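Enquirer: Chains as they are written, first to last, in our numbering: chain P, 58 to 277; chain U, 38 to 116.
Simulated from the structure, these hints should not be mistaken for laboratory data.
Incorrect hints may appear among the rest.
Unchecked claim - Away from chain P, derived, C-beta distances all over 12 Å, residues of chain U:
| no. | residue |
| --- | --- |
| 1 | S54 |
| 2 | D57 |
| 3 | L58 |
| 4 | Q59 |
| 5 | P72 |
Said to hold, decoys possible - Straight-line C-alpha distance at most 25 Å; calculated PhoX-like pairs for lysine-lysine:
| no. | chain 1 | residue 1 | chain 2 | residue 2 |
| --- | --- | --- | --- | --- |
| 6 | P | K138 | P | K93 |
| 7 | P | K195 | P | K208 |
| 8 | U | K94 | U | K75 |
| 9 | P | K137 | P | K81 |
| 10 | U | K110 | P | K208 |
| 11 | P | K147 | U | K92 |
| 12 | P | K137 | U | K110 |
| 13 | P | K147 | U | K94 |
| 14 | U | K66 | P | K216 |
| 15 | U | K92 | U | K66 |
| 16 | P | K195 | U | K82 |
Model, not experiment: these values are computed from the prediction.
Positions of the beta carbon are idealized from the N, C-alpha and C atoms, including for glycine.
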Amino acid sequence: METGFFKKLINVIVTKDDERLSDKSDVELVNLYTNKGDESAFDEIVTRYSDRVYGFALRITRNANDAEEVFQEVFLTLTKKLDTFRAESKFSSWLYRVTANASYMYLRSQKKHESNISLENYYPYDEKGTLMGKIMDKDWSSRPDITIFSKEALDIIDKSINELPESYRAVFHLRDIDGLSNEEVANILEISIPAVKSRLHRARLFLRDRLSDYFHEWRR
Amino acid sequence: MFMCKDVVENIMEYIDSELDLQTLKELEKHTGDCPECKAFVNTYKRMLEITGKLKDKPFVTPEVRNRLRVLLKSKIKPV
Numbered sequence: 058m059e060t061g062f063f064k065k066l067i068n069v070i071v072t073k074d075d076e077r078l079s080d081k082s083d084v085e086l087v088n089l090y091t092n093k094g095d096e097s098a099f100d101e102i103v104t105r106y107s108d109r110v111y112g113f114a115l116r117i118t119r120n121a122n123d124a125e126e127v128f129q130e131v132f133l134t135l136t137k138k139l140d141t142f143r144a145e146s147k148f149s150s151w152l153y154r155v156t157a158n159a160s161y162m163y164l165r166s167q168k169k170h171e172s173n174i175s176l177e178n179y180y181p182y183d184e185k186g187t188l189m190g191k192i193m194d195k196d197w198s199s200r201p202d203i204t205i206f207s208k209e210a211l212d213i214i215d216k217s218i219n220e221l222p223e224s225y226r227a228v229f230h231l232r233d234i235d236g237l238s239n240e241e242v243a244n245i246l247e248i249s250i251p252a253v254k255s256r257l258h259r260a261r262l263f264l265r266d267r268l269s270d271y272f273h274e275w276r277r
Numbered sequence: 038m039f040m041c042k043d044v045v046e047n048i049m050e051y052i053d054s055e056l057d058l059q060t061l062k063e064l065e066k067h068t069g070d071c072p073e074c075k076a077f078v079n080t081y082k083r084m085l086e087i088t089g090k091l092k093d094k095p096f097v098t099p100e101v102r103n104r105l106r107v108l109l110k111s112k113i114k115p116v
């Protein structure tokens, strides 16, 4: 009976500790791991950031196996270099930068670096400034949500994002999928804020066109 | 004179409510008169709704997570 009581007590304490861990800030977790070697704090960082690290690596590499290599490399690097994090920037920004660097390094090592095509001349209007491409004829905006947000439509947009040139793809992913600010994206990718805005703008124009083609074809 | 091109080049600031009042008025007047631009703005907004849904997509499968766990266990050294 006493043993049962103590087991329950231990469970309560462990549960409370876990709850407290998930409530802790990133910086607190980093300090727990680097100063006290608390592996459960490191586990919490892994849990918190796995999807974002893997998702960003997958967006840059466009290959699940490559993304997993980068994903593992990033967290292995963290076990050794977490103490180099300085709380001058947000931990998430720092981790995104580590992921970007690991992804580009991996692609270079595999000789998979793609040529960077510019979309700067990608715009949907003619030299007179008039819209082209029968946008009104292809207008799909009033389609029901069940069609717009279908798995197929989501797959099409995901595939289309992967058709973007690399520098546009990374900006689009961080800004419009992970929801970071222009400033954060500029900081992570080490580019200017006007460059972030410009790449995001062209990427969105490209993707809007792709979706219009898809929904137009689908109607036929 | 406000043209279709100006709608396209101001769309990001329009979506983010960052346009000055004069430009906002001109853009809204133009899109009210130009069905092509109206369709452009509406499809642009819908496209952002779709891409926003990708945020909810889980990227890491349990298998990938498990392989990372095994790898970290084998490499991590107590500090």
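Enquirer: None of the hints should be skipped; say for each whether it holds.
Expert: Comparing the hints with the structure gives:
Distance to chain P confirms S54/U as a non-interface residue, since its nearest Cβ pair spans about 15 Å, more than 12 Å. Its beta-carbon lying about 17 Å from the closest one in chain P, D57/U satisfies the requirement of being farther than 12 Å from that chain. Every beta carbon of chain P lies more than 12 Å from that of L58/U, the smallest distance being close to 21 Å; the non-interface claim holds. With a cut of 12 Å on Cβ distances, Q59/U stays outside the contact zone with chain P, its closest approach being about 19 Å.
Some Cβ of chain P comes within 12 Å of the Cβ of P72/U; the nearest lies about 5 Å off, and the non-interface call is violated. Restraint check: the Cα-Cα separation between K138/P and K93/P comes to about 15 Å, which is no more than 25 Å; the hinted pair holds. At most 25 Å may separate the alpha-carbon atoms for a hinted pair to count; K195/P and K208/P meet this at roughly 20 Å. Our distance criterion of 25 Å between C-alpha atoms is broken by K94/U and K75/U, whose separation comes to about 30 Å.
Under the criterion of a C-alpha separation no larger than 25 Å, the hint pairing K137/P with K81/P is consistent with the structure, at around 21 Å. Our distance criterion of 25 Å between C-alpha atoms is broken by K110/U and K208/P, whose separation comes to about 36 Å. Straight-line distance between C-alpha atoms of K147/P and K92/U comes to about 20 Å, which keeps the hinted pair within the 25 Å bound. Proposed proximity of K137/P and K110/U is supported: the alpha carbons are some 14 Å apart, at most 25 Å.
This hinted pair checks out: K147/P and K94/U have alpha carbons roughly 24 Å apart, not beyond 25 Å. The hinted pair formed by K66/U and K216/P fails the criterion: a straight-line CA distance of about 35 Å is larger than 25 Å. Proximity of K92/U to K66/U is assessed by CA-CA distance (about 34 Å); at most 25 Å being required, the pair is judged violated. For the given pair, K195/P sits about 15 Å from K82/U by alpha-carbon distance, which is consistent with the 25 Å threshold.
Hint compliance for this structure: hints 5, 8, 10, 14 and 15 are not met, and every other hint is.
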